[in-house]
Each structure stands twice: as structure tokens, then as C-alpha cells.
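Q: Read top to bottom, the protein sequences are chains A and B.
Sequential numbering of the first sequence, starting at 4, is according to the numbering used here.
Sequential numbering of the second sequence, starting at 2, is according to the numbering used here.
Just so you know, the hints here were simulated from the structure itself, not pulled from any lab data.
We put the CB at the ideal spot given by N, CA and C, even for glycine.
Any given hint might turn out to be false.
Looking from chain A toward chain B, a few residues come up when the C-beta cut is under 8 Å (computed) [said to hold, decoys possible]: (1) N97; (2) Y99; (3) T167; (4) P182; (5) L185; (6) G189; (7) L226.
Simulated pairs of lysine-lysine, BS3-like, Cα-Cα distance not exceeding 30 Å [to be verified]: (8) K256(B) <-> K398(A); (9) K303(B) <-> K256(B); (10) K48(B) <-> K195(A); (11) K398(A) <-> K315(B); (12) K48(B) <-> K228(A).
So you can see what is in the structure, the chains are spelled out below.
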Amino acid sequence: MLEEVGAGPMPEAGEASAEKHAGVSRRSFLRGLGAATAATAVVSHVAVARAGNGWSIGLDGIPPEKLKQMYTLMLKSRWWEEGMKEVFLGGKDNMYGAFHISVGEEASSVGVMAALNEDDYIASNHRGHSHLIAKGGDIDKMSAELMFKETGYNKGFGGSMHITDASRGILGMNGIIGPQYLFAAGAAYSAKVRGTQQVAVAFGGDGSVNNGWYYSGLRNAALYKLPVIAVVENNGYQISMPQQRTNSLINLHDFGAGLEIPHEAVNGMDVMAVYTVAQRAVERARAGGGPTLIETKTYRYYDHAGLAGAKPGVLGAFGLPYRSDSEVRAWIAEDPIPRMRRQLVANSIITEEEADATEAEVKQLVAASIDAARAAAHPKQDAALGHVFANALVKPSQFIA
Amino acid sequence: MAVKPGGYAVLEAVQNEMRNDPHMTMLYEYQRPIAVSPMGQVIDLYKEFGEPRIPDWGPIDEEWFVGGAAGIAMTGVRAIAHVPSMCSLRCFELVFNQVGKLRHMTGGQVGMPLVIWQDAAGRMPGMAGQHADAGQEALYAAIPGIKVVVPSNPYDAKGLMTAALRDADPVIFFHYSAIDTVQTDVPDESYEVKIGEAAIRQEGSDITIVGFGPAAIEISRAAPMLKDAGISAEIIDPRTLKPLPVDALVASVKKTGRLLVVDHGHETLGTAAEIIASVAIGVPGAKVARSTFPDAPPPGAKEMITWMTPDADKIVQAAKVMMG
């Protein structure tokens, strides 16, 4: 099964090998660079506090275990989606239903989630696989849900677009654009009522800012000073419409100015930068400082939905009519995963061998989850009449009694 | 026990349930949840519970009451969204695609202990067009995953609100202002009117007359006139539209053989249509008819809207036609 998951190399592997072939090993090159950086990295607290907003920052003060976990989660998200992509493209599993790939946006998910506690809430959208995995979601249950199996997160009721894990504060992915902002504000309101320190994060894309629920969620979060963080993952396209053609704002976070809420943009391809910005927002929220609007500038390597332009073993979708292939390659060159790997290796958090081993292990877990999903049972037909109400079944009105 | 206005009776229910649940929260628009009984007792939920459970203010933002309250409910905290009458459909999309679906869509993971306390205008002369509506409960009842109740008097209003606030599922409580002045004794202590249970207001053998909310008020006004006309009417108020108490309606029409449904909502695809379909299937051969507000928006002039609204006189007239 392993070969089915990401059979081909990621394009960034070419980048790494180019360094290797340049005469000095990539590891020793980056180690030297890391040491040089460490030697000159005397920064004031003010500079640290401001870092992250589009600027690359170091790893100082972050426990190695946490860094490794963040790296592993990005890999897990990447290879789970790549694995499911292969399953869809393979054509042997009769896959059907929605499939919105978030590959390319892992740093946005993992960077934000790294700033959260387990009991914090997230309200996710249709492109939420990476949100779930970053929040600790179980890929076995996710794989099963994509195959509409009984063992899936939603027992086959939801599929890819609606995966939910209430036990982890994941209020759910959602097939409708915009309610995330209301749900997160509501969940934050609940935290306020209960007197907890929980925060709630809403995730939406650049298209999600274009309807009224965005305004309502943010405005009420500001009004009631709710511990809300709205993360607008600006991947440049509302379905296939460039962001510049759907909104008069180029920097979507500027909308926060009108509500007088803190707002900033961050390089969504740099997990440490996202983490820094998210931490700032979370601290402010927990301290009673109200909501923050974060715009992560990121990119969707694949099409909006489905697999147009995607090929087995190749990272990214090419030949799509609304964007250029060179644009896709430009963003893939900024891929957050090799970026973090370089940082971790350069700072001796992990070795190249450990990084390889972690990646292999993740691929193994993904392959196992897909195998288990294949073997799992389909839901019973009449299970469909349950879960409409807490304690009552719905009548099978399609039959005449 | 005393006669109490509907608004006060409902607040009694909310107050009691909020006292028993330390987290229950209500979002609302501009009307502070305050009511005064005829004996001068005051319920002031803001004063008693305060922020954040009863916010000091509320924006004109139906999406927030319902979407925010849904977010609260998703965390396991019971929430009430009190929505004013003029925009009862503004949050329809959220109820349809989120509130009613999330439990099912997530395989039972997400509970929605949410009550939408929907004020409803009713066919009021002088308000015209947008502020004299009725019948939106039929649209909500068409949505899977939610329950819809429509009390027709203060006693039922308090009991249904109490039941709604104890229900595990989202409930929309349609509160027509016409019911507030109906004279019923309302016990001080807490009680439930079970969701899904009809009330047989009067037993009879000639014809079953069914109506809820403001139409039920008109049916009760028609009752003595029907008696004078020599018609033995069985009068039933379903009180809940979803789940509709079909069994009670079918049992009655099996006895009488005639069904007249009175509805202040519109004719096409209104609640009357659903009641008639359910009963006609359950009682083959029954004679059925409906008296509804026409498929036209409500005009302002008294002469027009009064003529359009099914009232006691028209109900008697309809019953006579059916008996003939």
C-alpha cells in the first residue's frame, strides 16, 4: 500500500537534491547557516513581539518536542490528502462525493492550531482536512468518512466536506460559506458564559469574507469582546475567481480596521510566522482583549474541488484555465514543509535521517488508515432515519405502508 | 394560579429554566426581557441573570441571534434566540442548512439545544405588507431536524416554552401577539405542555375543526355560534406542527367524517395542506376543506385584511357549507 501514497517525489525534493549536488551536503550547508544565524540573532523583545508578520523568524523559546510535533502534523496533513488524492485518481475504490484539497495551506492550519489548547474550539470550512489533522483529528476516521463508511467520523452521513470531531472542540467542517464566523463567536460567547479560558477560531477562505455572516460574526465578537480569532486563509481564489475581482480590498485583514479590532496579515507558507501571529491573538483573546482578524497569505496547490489537472505522484494541479502553471510552481517553491524541515535540521532539532524516518512513518499511517477504511463496513441503509432528532426516528415516507 | 398575559407567562418559563441551568443564555434584539403581571410582579431577566447570559443590548442582527445561539448550543450550552416578528425568515438559511442538519450530518456528534423564540405579527390591520404576516411556521416545519410549536394561549405558551427548553432538539416557538390577551389561568409553578400533543378543546360528532395559534382563537370564538347553528363540532388545537400530532386528528375525523382546517397562513403549501394530506391518508373518504388567508400579501386597510382573514364568522359559514 505504501507505494500508493505519494509514489512520486514532491517538487521540492528536486530543490533539496540540487543543494546536495552543489558539492556541499545540504545538511552541513544549512547547519553552518543556522550557526551563523544563531550567532547574530540578538534581537530585542520588541522585535520578537513584532516578528511573524511576513517575516521569517527563528525557533527560539519553543520546545523541540513542539517543533517536531508541528512538523509531523504538516506532514500528516500533506500525505493524508496526497494519499486520498491517489485513492480518488486510482479509480479502484469507487470514490464519490466532495473533495476539497488543502495541500499548500498546511502552515496556516498547523501554525494556528499550535497556539491553541486541546479544549479550544475551531469552526472549519469545506477546505478543512488540514484544520482537523492539525487539531489532533484521527486520520483513520477521516479516511473512513471519505469512503462513507460506518467507522468514519460522521458514520457516513457527512463525507469529506463535513467532518466533525466534537470531542476535540472541532465544531465541524461545513459545506456552507460563512457560518464559521457566527459559530466561533457563539462558541466564544459560551466560553464567556461558563467562565473558561477557551478561545474559538473561525477558518474561512478569501471568498468567505464576501457575505454578511463574516461581518456579523466579527462585529458581534468585537461588540461583546469575545475570545475569537478569525483566520482568513487567502489562497487567492474564490473557487476560480481571483481575489482581486471579488473584493475591493487587496489586504483582506484591513476590514478589521473598521471594527477597530487588531488585524494583521502573515506569510501563510511559514508555519513559525503563522504560529507567532496566532499566539499573539490567542494571548489577547484569553486576556479579555477580544477578537483578532488574521489573514494568512497562502495558496491552494490543487483545484477548488476535485482533481482537475492533478496527476498521480505529482504535487499540484496544472493546466487549469484560471491560473498559470508558473504561478503554481512559484508557490510550491515556497512550500512550508521543506522550509520547516530546513529550519529544524539547521538548528539540530532533528537530523535529515530523522526527518526522512518521520515522513516514512506518516506515510505508513496514512496507508494503514486507507486500508482500514477499505475494509470497514458501509452504513446500514435505514441508519439514515436516525440522528435527525436526539430520541426519535424519522418515518420512512418513501414507502407506502 | 392567575390569568397572566402571554409575554409574562413565557418569561416565567424562561426564568424558571434559567434558574435551573446556570449557563442557559438568551440573545435578543431590542426588547429587554421584562414583563409585568396584572398583580404587579415584575420579571426582569437582565436584572436577575445579567451579562453575559442576558446581554444588556442586542443589535438588529437576526443572523447573530440564531447563528450565535447555534454556536453556543453546539458547545452544549442551552441557548435561546429571541427574534422579532418582522424578519422571521432572515435566519431561515441558518436554520435550514445548519441548525436542522448538524446532528444528522455529523452522525449524531453535534447536539443543538436551541430554542428560537420567534415573535410573529399575525394579521394586524394597519401594519401592511411586512408587519402583518402569519404562516411562516409552515416554512420552518418543512425543515428536517427541528420542532415547531405554536401556542394559542398563555397557558400553552408557558408549558410549551418549558418543554422546548428541556428538549434535546432545536425548537422554534412561534409566538403570535394575539395569544397574549387570551384569558387562561397560568399556574405559578413550572409545568410542561408536551411537544407533539394536541389539545381537544371541545368534543363533537359532526365535524372536526382544526386550527393553531391565531386561527385557534377564532375557532374558539366560533364555538358558541356553531352550537347555535346546531353543529356539533370537535375542536382540536394541534399546538405542535412538527412533529404533527396526526393520530389525534385522524381519530377525530374517523368519528366525524369531516375536517375543516383553519389557517392564518397562506393557502399554497401551508400547514393546512399538510394536515389535510395526513388526515386524508389516514381516513379514506373523509370530507376535507380549508379556510386560509389567500395567496396574497397582507394589505394595510382594515376592510381588506379583515375580509381576507379567516375569522369566527367565516368558520361558521365554512362549517355550514361542509354540513350541507
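Q: Would you mind marking each hint as holding or not holding in the structure?
A: We went through each hint and held it up to the structure:
{"no.": "1", "hint": "N97", "in the structure": "violated, 21 Å"}
{"no.": "2", "hint": "Y99", "in the structure": "violated, 17 Å"}
{"no.": "3", "hint": "T167", "in the structure": "holds, 4 Å"}
{"no.": "4", "hint": "P182", "in the structure": "holds, 5 Å"}
{"no.": "5", "hint": "L185", "in the structure": "holds, 3 Å"}
{"no.": "6", "hint": "G189", "in the structure": "holds, 2 Å"}
{"no.": "7", "hint": "L226", "in the structure": "holds, 7 Å"}
{"no.": "8", "hint": "K256(B) <-> K398(A)", "in the structure": "holds, 25 Å"}
{"no.": "9", "hint": "K303(B) <-> K256(B)", "in the structure": "violated, 39 Å"}
{"no.": "10", "hint": "K48(B) <-> K195(A)", "in the structure": "holds, 18 Å"}
{"no.": "11", "hint": "K398(A) <-> K315(B)", "in the structure": "violated, 35 Å"}
{"no.": "12", "hint": "K48(B) <-> K228(A)", "in the structure": "holds, 21 Å"}
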